[in-house]
Amino acid sequence: MSTAVSTKVLVVDDSEMDRRLAGGLLGKVEGWDILYAKDGGEALSSIAADLPDIVVTDLVMPGMTGLELIESIKDDHPLIPVVLMTGKGSEQIAAQVLKQGASSYVPKSRLAEDLRETVHHLLTAAREDRVHSRLMHYLAQSDSVFVLRNDLAQIRLLAGYFQQLLRCLPLGDQSERLRVGVAIEEALNNAYFHGNLEVGGTITEVDRRKYAELAQTRSFTHPYRDRKIYVRAEISREKATFVIRDEGPGFDFAQLLDAGDIVEQEQFRGRGIVLMRTIMDEVTYNECGNEVTIVKHKVAEDFDNDDGGDDDVDD
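Just so you know, we're using UniProt numbering here: the sequence shown kicks off at 1 and counts up by one.
Be aware that a few hints might be false.
Claimed, not checked - Once the Cα atoms are required to be at most 20 Å apart in a straight line, the calculated EDC-like pairs of lysine to aspartate or glutamate come out as:
hint: 1; residue 1: Lys-28; residue 2: Asp-114
hint: 2; residue 1: Lys-298; residue 2: Asp-173
hint: 3; residue 1: Lys-239; residue 2: Asp-281
Keep in mind the hints are simulated off the structure, nothing from the lab.
Quantities reported herein were computed from a predicted structural model and do not represent experimental measurements.
Given only the sequences and the hints, what does the whole structure look like? Please build it.
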């Protein structure tokens, strides 16, 4: 008889149809046990009783809003990642909620394409982070340069590695380090998809259903397949700086740097930029738009009151 422990995913939405849609998509993953709540109060009761591994919540709900729910979870259960589901035209609100502590977000129009992958990535990152050695808390400085093949597996490994190095930077709690890891991976993904593979643009230029197919084709086609991603990382107890450059033609970043100008998913690149600009303290591009520099400064003075203490969950 199997003794495997299931992964609990709590879905919160006042709309039964949307709740069941999200839960149905997530329930297709073997080993995931889907819990449901119709509002913030019911969600908090479920968290207290069942302690889910991750929460997926709507933003606009009667009574306690999604923003208030996220703030409560961050205060009482900082180790639980939260994914926000946003309706059309709520990118600016999504940016605000990310600042309040959400780990990531998925537009409701993209649930079928992105929800499972987003939840899976956050669960994997949180799990790896909890079991990693505390040795990284004693790291004082790390400077490194990587030259990656255009390979998603390498990107995810590198993002995970950087997340562990970030233990030396006082960020307040584990959830903030997880969020910074999300921003780093988004920057790397942008270099992979939009930079080296030149996949993206507006939804009228690239049909969403053809997006993955085009990326897959170009990953085996010259010149896209031969391009590399260059990464320079400087991490200390004061700040972390990541410079990520691809070999693509670049893009007109000025049109996308203002999160308020990003209409939901009209630009495939838009979500990644919203995440980076909201989570990181500084986001700048070079002149042609094929190199991004992202910076995160320390939040706390030391680890006494944050994720660097003697908390057993980090063992």
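Original post:
Which of the numbered hints are not met once you compare them with the structure shown?
Top reply: none
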